[in-house]
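K.L.:
Chains as they are written, first to last, in our numbering: chain Z, 1 to 268; chain R, 1 to 268; chain X, 1 to 268.
No wet-lab data here; the hints were simulated from the structure. A few of these clues could be false.
Stated by the list, open to error - Mimicking BS3-like on lysine-lysine, the simulated pairs with C-alpha atoms at most 27 Å apart in a straight line are:
#1 Z:Lys-196 - Z:Lys-208
#2 Z:Lys-12 - R:Lys-232
#3 R:Lys-226 - R:Lys-196
#4 Z:Lys-12 - X:Lys-12
#5 X:Lys-232 - R:Lys-122
#6 X:Lys-202 - X:Lys-232
#7 R:Lys-232 - Z:Lys-122
#8 R:Lys-226 - R:Lys-210
#9 R:Lys-122 - X:Lys-196
#10 Z:Lys-226 - X:Lys-12
#11 R:Lys-226 - Z:Lys-12
#12 Z:Lys-232 - X:Lys-12
#13 R:Lys-206 - R:Lys-232
#14 X:Lys-232 - R:Lys-12
#15 X:Lys-226 - R:Lys-160
#16 Z:Lys-232 - X:Lys-114
#17 X:Lys-12 - R:Lys-12
#18 X:Lys-122 - Z:Lys-196
Unchecked claim - Computed spacing ranges between beta-carbons, pair by pair:
#19 R:Pro-145 - X:Ser-224: 35 to 43 Å
#20 X:Lys-208 - R:Asp-171: 53 to 61 Å
#21 R:Met-245 - X:Ser-224: 40 to 48 Å
#22 X:Gly-253 - R:Arg-116: 38 to 46 Å
#23 R:Met-245 - Z:Pro-165: 23 to 31 Å
Backbone N, C-alpha and C define an ideal beta-carbon position, used for all residues, glycine too.
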Amino acid sequence: MSDTIALLTDFKFQDPFIGVMKGVIYGINPDARIIDLAHNLPSFDVRHAAFILKISYRYFPRGTVFCCVVDPGVGTTRRGIAIKTRNYYFVGPDNGCLFLAAFEDGIVKAVELKNREFMLPKISTTFHGRDIFAPVSAYISRGVPLSVLGPQVDLGSLVKIELKPPKISEDEYEVEVIATDGFGNIFLNIPTESFKEPLGTKVIIKTKNKTLQAIVGRTFGDVSPKNLVLLKETSHGYLELAANMASAREILGVSPGDIVIIKIKDKN
Amino acid sequence: MSDTIALLTDFKFQDPFIGVMKGVIYGINPDARIIDLAHNLPSFDVRHAAFILKISYRYFPRGTVFCCVVDPGVGTTRRGIAIKTRNYYFVGPDNGCLFLAAFEDGIVKAVELKNREFMLPKISTTFHGRDIFAPVSAYISRGVPLSVLGPQVDLGSLVKIELKPPKISEDEYEVEVIATDGFGNIFLNIPTESFKEPLGTKVIIKTKNKTLQAIVGRTFGDVSPKNLVLLKETSHGYLELAANMASAREILGVSPGDIVIIKIKDKN
Amino acid sequence: MSDTIALLTDFKFQDPFIGVMKGVIYGINPDARIIDLAHNLPSFDVRHAAFILKISYRYFPRGTVFCCVVDPGVGTTRRGIAIKTRNYYFVGPDNGCLFLAAFEDGIVKAVELKNREFMLPKISTTFHGRDIFAPVSAYISRGVPLSVLGPQVDLGSLVKIELKPPKISEDEYEVEVIATDGFGNIFLNIPTESFKEPLGTKVIIKTKNKTLQAIVGRTFGDVSPKNLVLLKETSHGYLELAANMASAREILGVSPGDIVIIKIKDKN
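Put together the whole structure using the sequences plus the hints.
P.N.:
Quick look at the structure:
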């Protein structure tokens with residue numbers, strides 16, 4: 001049991017949706033401690049949400065219930081699920097948004113949310129965050145076991161998100177942009193431990209429109225303002241392309257899903 | 001008495017105004033549980049705030065104090081008020097922003113905020129959220145009765161917001177856009193129970209610039225991506241015009257206050 | 001000791017950084033009360049953050065720990081510090097963002113954050129908010145004294161922010177834009193008590209591109225909609241240039257750092 005519920009949604013801050021979910025949670029568990037993990041996520045982008053959850057969950061207190069609502073299929077036949085992992089709980093639609101984090105932490109059990117006793121009395125077709133996922137999260141935070149929420153789900157049937165593997169040759173890495181952050185830093189689909197070039201290596205960054213130089217570094221200040229640095233020791237475990245006090249996303253003109261080629265210059 | 005205070009403002013998140021209100025509240029009631037209902041509301045748009053409060057308040061724990069600061073008239077002669085309803089408290093300027101919700105829940109009593117004992121010692125002319133509404137809300141959450149906050153207000157004198165009634169003919173509904181949300185969904189000023197057409201009905205949507213087809217449906221996935229669906233069972237009780245994984249507001253080019261004509265196609 | 005921790009960052013709300021910092025804090029102090037002072041601040045703008053903190057801190061409960069992360073130099077040689085003032089604690093990078101507030105409240109002691117026992121086990125080069133400042137703030141909120149966090153810092157060596165003094169002549173004030181808020185109100189670097197003109201005075205506002213009239217007033221409603229008012233009794237103690245239900249920043253086309261000339265018209 002835990003009192004901490006972390007919310008991750010693509011709801012926007014000017015709308016009442018996040019606030020209403022909190023109202024529902026406090027109505028069920030007045031002792032809940034609610035943390036906004038993040039909101040305003042790119043609308044309907046399940047892969048982005050899955051990535052954010054994966055790089056964040058381990059910093060939360062053991063037992064935290066993550067309630068993730070990025071749910072373009074709300075009201076259709078997609079399932080609502082709750083997952084118990086070795087250290088946490090995850091609640092949300094079965095569209096992959098919970099998968100990367102839950103899989104990494106080690107899935108112990110998953111159930112389909114079927115028991116209406118733990119939902120709001122009236123369930124809308126467009127706002128399951130309020131009617132199903134918030135109340136279920138609140139009940140789990142109060143100690144309700146997953147087994148009473150609905151039938152067990154075969155783990156193999158859970159919808160998965162697979163991050164495309166990078167292509168690595170002797171002097172070139174072909175990687176994909178997973179996501180960008182609000183500063184314009186670019187997260188690439190290659191774990192830092194798979195990138196073997198030493199600090200200070202000069203690299204050429206090729207995107208569909210731009211070819212620019214970058215330096216393999218440790219932090220933003222390793223290059224002059226507006227210059228590119230390829231961070232090989234990041235706060236989240238993935239290679240990151242950044243600019244010193246500027247937006248690498250704008251400089252390079254890339255979006256999630258785009259391919260970036262990193263060519264090692266020294267080896268030419 | 002309740003410890004829950006819900007904040008609804010048009011303050012922007014990059015500004016310290018919301019944070020400062022919370023600092024003031026915790027200084028008065030360290031046990032308060034503060035929920036952000038929503039912020040970043042359209043600046044000075046009292047009707048929008050009134051609508052958001054109306055579709056949200058009932059999901060909060062009984063006894064919640066709603067502190068609403070959308071207050072273009074701050075520092076002028078407009079009154080500050082506190083309202084007790086059957087289940088809740090509402091605090092804010094008497095400009096209508098509290099009215100729709102308070103009226104629906106059933107107003108028991110209203111007072112004008114006059115007793116300086118329950119405000120900050122120094123009252124500015126531009127930030128009553130901090131100097132008056134936050135402290136008053138905190139004192140109410142601690143159990144201070146409305147009667148000591150100021151003189152009773154005649155309920156008939158409260159500033160009202162009236163939503164324009166829709167015009168309904170045999171095969172046409174002329175309705176107004178009340179608000180749009182961060183996904184671009186459009187809320188129309190007609191309660192869902194007044195819209196009698198069955199699911200699957202084809203309708204023509206006319207706005208000042210566009211004429212497009214929509215289908216009466218239950219959820220976003222009832223139409224193909226980027227197509228319009230007219231939701232007749234919504235999470236908030238008003239008819240909603242939406243697009244599947246796209247922004248109906250952008251597709252139709254409408255803003256709050258605009259007229260939308262819904263023509264029933266099957267009946268032609 | 002205090003349980004209140006106020007966060008002030010330039011992190012963006014769609015990113016998990018703020019949420020992760022809260023996860024870390026609750027892991028160390030489950031009884032912490034976390035307040036978002038503000039986020040989404042202009043990226044890397046240390047002076048803006050320092051100003052926001054200065055006009056806000058005094059509204060928080062005595063003993064609040066302010067954790068400020070506007071940190072363009074993260075991972076470089078800039079120091080991390082904790083400051084104890086007469087009534088509060090301030091934690092963040094030693095780049096000036098804490099200075100204006102801490103100095104005003106009266107600095108009692110400052111230490112450099114060196115003791116790894118009070119940080120996360122692994123310290124990244126790009127996210128000291130999570131790895132150093134959040135845990136240190138949480139430990140201070142639990143009563144850990146500054147003396148164990150690291151060596152004392154000579155107060156004279158703290159990085160300072162100096163607001164440029166205004167130039168005042170008989171009929172003219174030459175002032176600088178310190179910051180603007182989300183409504184477009186403009187904060188000027190002159191304390192209200194240094195502006196001696198009476199209410200109702202007509203003034204000419206000159207910026208690099210515009211010359212417009214304003215009236216010295218008390219609140220937004222003292223002028224007609226979209227007209228300029230020069231507020232001489234503000235909620236924060238600095239002279240403020242605003243427009244009634246409109247954005248003075250857009251009307252005048254100014255940005256932080258720009259010079260504004262206020263010419264007293266009546267004296268011409």
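K.L.:
Does X:Lys-122 pair with Z:Lys-196 here, judged by a C-alpha cut-off of 27 Å?
P.N.:
It holds: about 20 Å lies between the C-alpha atoms, which stays within 27 Å.
K.L.:
Starting from the hint 23 to 31 Å, judge whether the C-beta atoms of R:Met-245 and Z:Pro-165 obey it.
P.N.:
holds, 27 Å
K.L.:
R:Lys-226 and R:Lys-210 were given as a pair; does the straight-line alpha-carbon distance stay at or below 27 Å?
P.N.:
Distance ~15 Å between R:Lys-226 and R:Lys-210 Cα, so the pair holds.
K.L.:
Given the hint that Z:Lys-232 pairs with X:Lys-12, does the C-alpha gap stay at or below 27 Å?
P.N.:
Distance of about 23 Å is within 27 Å: holds.
K.L.:
CA of X:Lys-202 to CA of X:Lys-232, is that 27 Å or under?
P.N.:
Cα-Cα ~13 Å, so holds.
K.L.:
What's the verdict on Z:Lys-226 and X:Lys-12, does the C-alpha distance respect the 27 Å limit or exceed it?
P.N.:
holds, 19 Å
K.L.:
Z:Lys-12 and R:Lys-232: Cα distance at most 27 Å?
P.N.:
holds, 23 Å
K.L.:
Checking one constraint from the list: CA of X:Lys-232 to CA of R:Lys-122, max 27 Å. Satisfied?
P.N.:
holds, 15 Å
K.L.:
Straight-line Cα separation of R:Lys-226 and Z:Lys-12 no greater than 27 Å?
P.N.:
Roughly 20 Å separates the two Cα atoms, so the pair holds.
K.L.:
Starting from X:Lys-12, check that the Cα of R:Lys-12 is at most 27 Å away, please.
P.N.:
Distance ~13 Å between X:Lys-12 and R:Lys-12 Cα, so the pair holds.
K.L.:
Between the alpha carbons of X:Lys-232 and R:Lys-12, is the straight-line distance 27 Å or under?
P.N.:
holds, 23 Å
K.L.:
With a cut-off of 27 Å on the C-alpha distance, tell me whether X:Lys-226 and R:Lys-160 pass.
P.N.:
With a Cα-Cα distance of about 25 Å, the restraint between X:Lys-226 and R:Lys-160 holds, given a limit of 27 Å.
Every hint from the earlier list agrees with this structure, and none is contradicted.
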